[in-house]
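S.K.: So you can see what is in the structure, the chains are spelled out below.
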Amino acid sequence: MFLKRLISEMRFITELWKMNLASALEYRANFITQSIGMLINDAIFFVFWVLFFDCFKSIKGWGLQDMVLLFSIITTGFGVGMALFGNSMKVAEIIAQGRLDYYLVLPRNVLIHILASRSMISAYGDIFFGVLSFFFFTGPVTAEKTAIWLIASLLSGTVLVCAASLFGCLSFFIGNATTLAGQATNAMMILSVYPDTIFQGGVRFLMYTLFPAALIGALPYRAVRSLDWQSLVLLACGALFFAILLTAVFNAGLRRYESGSALNVNM
Amino acid sequence: MKGVRAFVGKYLAIAVINFQSSTAYSGEVVMRSIMITVILYVLVHLWKAAYGASGSTVIAGLTIRDTLWYLVLTETLILSKSAFSTRISDEVRDGSLAYTILRPYNYIVYHMSYSLGDSLVKLVMNFAAGGLVVLILEGPPEHFTLSSLPFLIVSILLALVLDFCFEGLIGLCAFVLEDVSSLQLIYNKILFILGGMLIPIDFFPRWLAALSKALPFNLILYGPATIFVKGDIGAAAGVLVMQSLWILVMAGILFALYSRTMKYLSINGG
Chain A
1 MFLKRLISEM
11 RFITELWKMN
21 LASALEYRAN
31 FITQSIGMLI
41 NDAIFFVFWV
51 LFFDCFKSIK
61 GWGLQDMVLL
71 FSIITTGFGV
81 GMALFGNSMK
91 VAEIIAQGRL
101 DYYLVLPRNV
111 LIHILASRSM
121 ISAYGDIFFG
131 VLSFFFFTGP
141 VTAEKTAIWL
151 IASLLSGTVL
161 VCAASLFGCL
171 SFFIGNATTL
181 AGQATNAMMI
191 LSVYPDTIFQ
201 GGVRFLMYTL
211 FPAALIGALP
221 YRAVRSLDWQ
231 SLVLLACGAL
241 FFAILLTAVF
251 NAGLRRYESG
261 SALNVNM
Chain B
1 MKGVRAFVGK
11 YLAIAVINFQ
21 SSTAYSGEVV
31 MRSIMITVIL
41 YVLVHLWKAA
51 YGASGSTVIA
61 GLTIRDTLWY
71 LVLTETLILS
81 KSAFSTRISD
91 EVRDGSLAYT
101 ILRPYNYIVY
111 HMSYSLGDSL
121 VKLVMNFAAG
131 GLVVLILEGP
141 PEHFTLSSLP
151 FLIVSILLAL
161 VLDFCFEGLI
171 GLCAFVLEDV
181 SSLQLIYNKI
191 LFILGGMLIP
201 IDFFPRWLAA
211 LSKALPFNLI
221 LYGPATIFVK
231 GDIGAAAGVL
241 VMQSLWILVM
251 AGILFALYSR
261 TMKYLSINGG
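If you read the sequences in order, they're chains A and B. 267 is the number that our numbering gives the last residue of the first sequence; the numbers go up by one with no jumps. 270 is the number that our numbering gives the last residue of the second sequence; the numbers go up by one with no jumps.
Derived from the structure by calculation, the hints contain no laboratory data. Please read all numbers here as calculations on a predicted model, not as lab measurements. Positions of the beta carbon are idealized from the N, C-alpha and C atoms, including for glycine. Hints may be right or wrong, so weigh each one.
To be verified - Coverage of chain B stretches by chain A, computed from C-beta distances (three or more under 8 Å per stretch; other residues unrestricted):
1. 21-34
2. 37-44
3. 52-66
4. 173-187
5. 193-200
Go ahead and model the full structure; you've got the sequences and the hints to work with.
M.R.: In structure tokens:
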């Protein structure tokens, strides 16, 4: 019974993804412009680190190649996460505006349906940048390194999607949390793109727990850099934990949700 | 004289209305300044580690405290400036341009005044929040003097006007392209590097520093930030002169392009 339901949901998500991609490709010029725009955006940070390490050579054990590897993992994870579950950044807004009604009347898993209903077009630019930077700027590439990088990037994306959605779920409990959720997600992203060794004490603890910036950046980086499968298992456990936590919090929030009877058209 | 007063009064009223509207929701205003505290917290640790690793207390003429206060000002400016090209683009796409362009004001100056009201609130909040982080973690600015304060305020206002000119030019492209988000993104990224937002221009290799200083983008971020951290009045006067000259050039191009665009604009509907 469970397996049958799982297969059915997987088929449904696959159809949603296909539809999102087809819809993005329908406006091809927009798709290309947004992807290239994001590629340039990512490349600017690459330039920043080139200039920075031109002055300082290394910081607490991190050099230019380490930063590029960290960035390649985060951009690939973010890209895949937002291309497949683009609504994870908009959960707070959807709840606050009463737009859950549309999903509630359909016989599908509400959370997954919401998250997979939108694809962030610019995310394809992130994926392109991540792949390009990994293969050309992170030193010798082996099959094992590539496999760990790919798994680590996907797990990093999973943690990001779950954490961003969790912040969005605050709308169930405190009213319109759109700005708060956006700020929390951005803050987490900012913390994740810098070497974790520069932080100490409480912030470092938060980065590995409630505010999982280290699970998005530092931990997957360490798994790839040292070809460390143990770190990868730890990361997988973290991703699983956040997925379970998200499901529990979302379901608890759903019980408090009151429809605003708003009329919405999903296009 | 009366005409000038009426002209200034009209646009000042627009700026004041938007200033009041931006401050009406104080919780929202405070919430939006959370971001700069996180950014500055991260940057304090990054630059402390960098200075620590280099073993020097002064790099490219800047101490760690100079660098951090420089970043407070550049981050404040970038987070407070208005992306009004996006508003023009939205008006072109949703058709509301048909109403806004017919009102009895200059369309470009209206948007500039509107943006100024919003930017001033953000400037104060972001500077207070970011400054507080650096003040607690590193201490007050070392070379800032009260005598350079008037220069700093004027320089910040001129920086906003110069930025408006670039945003306006990008916004006018919406009449042809409709969506200018990618142009806006590229402009912002130019400011990140050539404007000196992410890293002070003094840290650049010589050829890139020369290129950045020859272009007007450094006058939007690097110029005011340098006045703030160096407190050198002679250099500050030079920044103000360069800002004014570039504003004349860019505003000239903007208004010439605007009047040319208006000649070809046709609005259909009823």
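S.K.: Hint by hint, note whether the structure agrees.
M.R.: Now for the hints, and whether the structure bears them out:
1. 21-34: holds (count 4)
2. 37-44: Since 4 is at least three, the answer is holds.
3. 52-66: holds (count 4)
4. 173-187: holds (count 5)
5. 193-200: holds (count 3)
Violated hints for the displayed structure: none, as all numbered hints are satisfied.
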